[in-house]
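Chains as they are written, first to last, in the working numbering: chain A, 1 to 364; chain B, 1 to 364.
Calculated directly from the structure, the hints in this document are not laboratory data. Predicted, not measured: the structure shown is a model, and the values here were computed from it. Any given hint could be a false lead.
Treat identical chains as interchangeable: a pair holds within one or across any two.
Unchecked claim - Calculated cross-link-like contacts (lysine to any residue; reagent style SDA-like; alpha-carbon spacing at most 20 Å):
| hint | residue 1 | residue 2 |
| --- | --- | --- |
| 1 | K276 | F96 |
| 2 | K92 | L353 |
| 3 | K306 | N158 |
| 4 | K98 | F270 |
| 5 | K126 | V174 |
| 6 | K98 | Q278 |
| 7 | K346 | L336 |
| 8 | K323 | D90 |
| 9 | K361 | E40 |
| 10 | K93 | R138 |
Number of protein chains: 2
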Amino acid sequence: MVVECWKILCKLSIMTGLEVSRLLLGLNCGRPLETIIPPESAKALSSKHDFDLQAFRFSADNEFLREPRVVRVGLIQNSIAIPTTAPFSDQKKAIFEKLRPIIDAAGASEPVDGESTEFLQEFARKYNMVIVNPILERDINHGETIWNTAVIIGNHGNIIGKHRKVNENHIPRVGDFNESTYYMEGNTGHPVFETAYGKIAVNICYGRHHPLNWLAFGLNGAEIVFNPSATVGELSEPMWPIEARNAAIANSYFVGSINRVGTEIFPNPFTSGDGKPQHPDFGHFYGSSHFSAPDASCTPSLSRYKDGLLISDMDLNLCRQLKDKWGFRMTARYELYADMFARYLKPDFEPQLISDPLLHKKSS
Amino acid sequence: MVVECWKILCKLSIMTGLEVSRLLLGLNCGRPLETIIPPESAKALSSKHDFDLQAFRFSADNEFLREPRVVRVGLIQNSIAIPTTAPFSDQKKAIFEKLRPIIDAAGASEPVDGESTEFLQEFARKYNMVIVNPILERDINHGETIWNTAVIIGNHGNIIGKHRKVNENHIPRVGDFNESTYYMEGNTGHPVFETAYGKIAVNICYGRHHPLNWLAFGLNGAEIVFNPSATVGELSEPMWPIEARNAAIANSYFVGSINRVGTEIFPNPFTSGDGKPQHPDFGHFYGSSHFSAPDASCTPSLSRYKDGLLISDMDLNLCRQLKDKWGFRMTARYELYADMFARYLKPDFEPQLISDPLLHKKSS
Numbered sequence: 001m002v003v004e005c006w007k008i009l010c011k012l013s014i015m016t017g018l019e020v021s022r023l024l025l026g027l028n029c030g031r032p033l034e035t036i037i038p039p040e041s042a043k044a045l046s047s048k049h050d051f052d053l054q055a056f057r058f059s060a061d062n063e064f065l066r067e068p069r070v071v072r073v074g075l076i077q078n079s080i081a082i083p084t085t086a087p088f089s090d091q092k093k094a095i096f097e098k099l100r101p102i103i104d105a106a107g108a109s110e111p112v113d114g115e116s117t118e119f120l121q122e123f124a125r126k127y128n129m130v131i132v133n134p135i136l137e138r139d140i141n142h143g144e145t146i147w148n149t150a151v152i153i154g155n156h157g158n159i160i161g162k163h164r165k166v167n168e169n170h171i172p173r174v175g176d177f178n179e180s181t182y183y184m185e186g187n188t189g190h191p192v193f194e195t196a197y198g199k200i201a202v203n204i205c206y207g208r209h210h211p212l213n214w215l216a217f218g219l220n221g222a223e224i225v226f227n228p229s230a231t232v233g234e235l236s237e238p239m240w241p242i243e244a245r246n247a248a249i250a251n252s253y254f255v256g257s258i259n260r261v262g263t264e265i266f267p268n269p270f271t272s273g274d275g276k277p278q279h280p281d282f283g284h285f286y287g288s289s290h291f292s293a294p295d296a297s298c299t300p301s302l303s304r305y306k307d308g309l310l311i312s313d314m315d316l317n318l319c320r321q322l323k324d325k326w327g328f329r330m331t332a333r334y335e336l337y338a339d340m341f342a343r344y345l346k347p348d349f350e351p352q353l354i355s356d357p358l359l360h361k362k363s364s
Numbered sequence: 001m002v003v004e005c006w007k008i009l010c011k012l013s014i015m016t017g018l019e020v021s022r023l024l025l026g027l028n029c030g031r032p033l034e035t036i037i038p039p040e041s042a043k044a045l046s047s048k049h050d051f052d053l054q055a056f057r058f059s060a061d062n063e064f065l066r067e068p069r070v071v072r073v074g075l076i077q078n079s080i081a082i083p084t085t086a087p088f089s090d091q092k093k094a095i096f097e098k099l100r101p102i103i104d105a106a107g108a109s110e111p112v113d114g115e116s117t118e119f120l121q122e123f124a125r126k127y128n129m130v131i132v133n134p135i136l137e138r139d140i141n142h143g144e145t146i147w148n149t150a151v152i153i154g155n156h157g158n159i160i161g162k163h164r165k166v167n168e169n170h171i172p173r174v175g176d177f178n179e180s181t182y183y184m185e186g187n188t189g190h191p192v193f194e195t196a197y198g199k200i201a202v203n204i205c206y207g208r209h210h211p212l213n214w215l216a217f218g219l220n221g222a223e224i225v226f227n228p229s230a231t232v233g234e235l236s237e238p239m240w241p242i243e244a245r246n247a248a249i250a251n252s253y254f255v256g257s258i259n260r261v262g263t264e265i266f267p268n269p270f271t272s273g274d275g276k277p278q279h280p281d282f283g284h285f286y287g288s289s290h291f292s293a294p295d296a297s298c299t300p301s302l303s304r305y306k307d308g309l310l311i312s313d314m315d316l317n318l319c320r321q322l323k324d325k326w327g328f329r330m331t332a333r334y335e336l337y338a339d340m341f342a343r344y345l346k347p348d349f350e351p352q353l354i355s356d357p358l359l360h361k362k363s364s
């Protein structure tokens, strides 16, 4: 199995462990979050390499039976580094170089006494991070099939597992994004990965439009779901602030939304059969990465135009606290929907439609 | 079957037909909507009776095979009219009197040449309206059971059908809203009602928190789903602007969100076993009724404190246009979720969890 990495780093997300003295603000339902001051070294990197840097904190109530479970999570959004016409290997190297200082800034956000011990993989081991790395996977063992995959790297640098984008069970067929022509529907279910810092899952890109997809990760126990995306303003920007927040609310978990940033010009203008004139780009990838919490609060978004790193501390206890408060799992009645889907999936399904018997009555 | 009406009118929604010359603005994705100037008679009623009055218009693209299907829809939010200690019949009468001028204003929003013909039921026939009327239903034929029901009144004043709040398949057990103690889970499925002006459904109150519930109305063909609610600020306000908009986006239909308004004091303070001190009210019902469209656009909200009427014209063709643009139905893969629910519902269900084998490795 060869792992290629071009698509990927535009969608990098990072999670790193940290003991943080808890706040006692209670649930910050929609209230502004507390801002974290990043360390000077991180601020220096962001100004030297010109990327957006923001940091916040989600709090939860104290519990009798569990200690706070505060983790620090980072989202990186970035543009490509050199033109789309450059050789693939050069593009890949250039993106690595661009990301290095941003990941260093994420690592610098760990306290000086952080437990970075082993060094199995460059950044994961250097900073004791879990890294979520969406890639384009070439599956030699299955006819060289291409999958849209996310690789989960543990905080010791080990690969915990990979996830063939379950959300790419749902492959976009919209506008210029005819992605079913270049990878396969996923076949790995809706896996949740138990890491040193919490249970995480990845709902990639277009999968965010499917509430069932978000739900499945929730039923499998996710505490944080990352949504690495590459989407453009004209297509999805009005939906962007809504869907991730709704998923966090409905499933009582945190969501980390990451979007590519920048406008990429191709040498040959193209069309996609949607009646639009030919154009040399997909439109503007609008960045605006952000975190959503299960209590409906959320962070501000990163820049719409610049590379950026968004850091947030979050007490994962908030997930169960919201489950207990709202009881969505206990009121869900999934059996009703299992039955409805079974009926809906039959070719002869007829909707439950009650027509007004006077529908075609003439008015006198 | 006796229909009682106290709970109800705080949740009234109205739909009335109207031929409107179409706009050619195209899809207004998140852009400000065009404002409609209500007729003078409606404005006069709103100032005389001191209720909020707003009116907007959602447009859709022209189609080759279908004429525009513009309907005018109204949402009414209101407070109670006399103290909660007054006799039930007096409270009911008082709410009727309070609502009369607001419904007249909704009717006045029909053009002078409107086709009001028959007079089977006061307002429906007077204004050629379809009226959605959520009630508390006493079911004599089933042991005097109480159901949380919505009655759909056709534009000829006829009762098209009733719907025992499918969404109250999902009965809240949160804070002071222990509603499972005073009505039954619905047993009428997820019906969609085909009216003279479009296919409508009702997702009442707490049902808005369940994406599956919204989905089921969509699978049954709803073009507008009303969400009459009675919810308070401290509990749900941060979620209010998110959930309805997400439902409209995910299911390619319009959503009309109605919330009760006002703070209601009861003579005997109460608690609900959630650790809070006793209190004589549920909190503030924050109104903020609004419309959401399938293209992610939405109207401003009605007042947080005053009774109000929100009118909107909407071209229902927008629903199919968004389905064709985004293809959510074609990429949904419901079979995966039917299978997952079947597994999840078993007592021995085990989540798809992949643990880091180094999870408990000591750092050296």
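Status of the hints after comparison with the structure:
1. K276 with F96: So K276 and F96 fail the 20 Å test inside a copy (35 Å) and across (53 Å) alike.
2. K92 with L353: neither (54 Å within a copy, 32 Å between copies)
3. K306 with N158: neither (31 Å within a copy, 59 Å between copies)
4. K98 with F270: neither (28 Å within a copy, 60 Å between copies)
5. K126 with V174: Intra 40 Å, inter 45 Å, cutoff 20 Å: neither.
6. K98 with Q278: neither (31 Å within a copy, 57 Å between copies)
7. K346 with L336: both (16 Å within a copy, 14 Å between copies)
8. K323 with D90: neither (47 Å within a copy, 40 Å between copies)
9. K361 with E40: Cα proximity of K361 and E40: none, with 75 Å in one copy and 32 Å across.
10. K93 with R138: The answer is within: 19 Å in one copy meets 20 Å, while 70 Å across copies does not.
In summary, the numbered hints that this structure violates are 1, 2, 3, 4, 5, 6, 8, 9.
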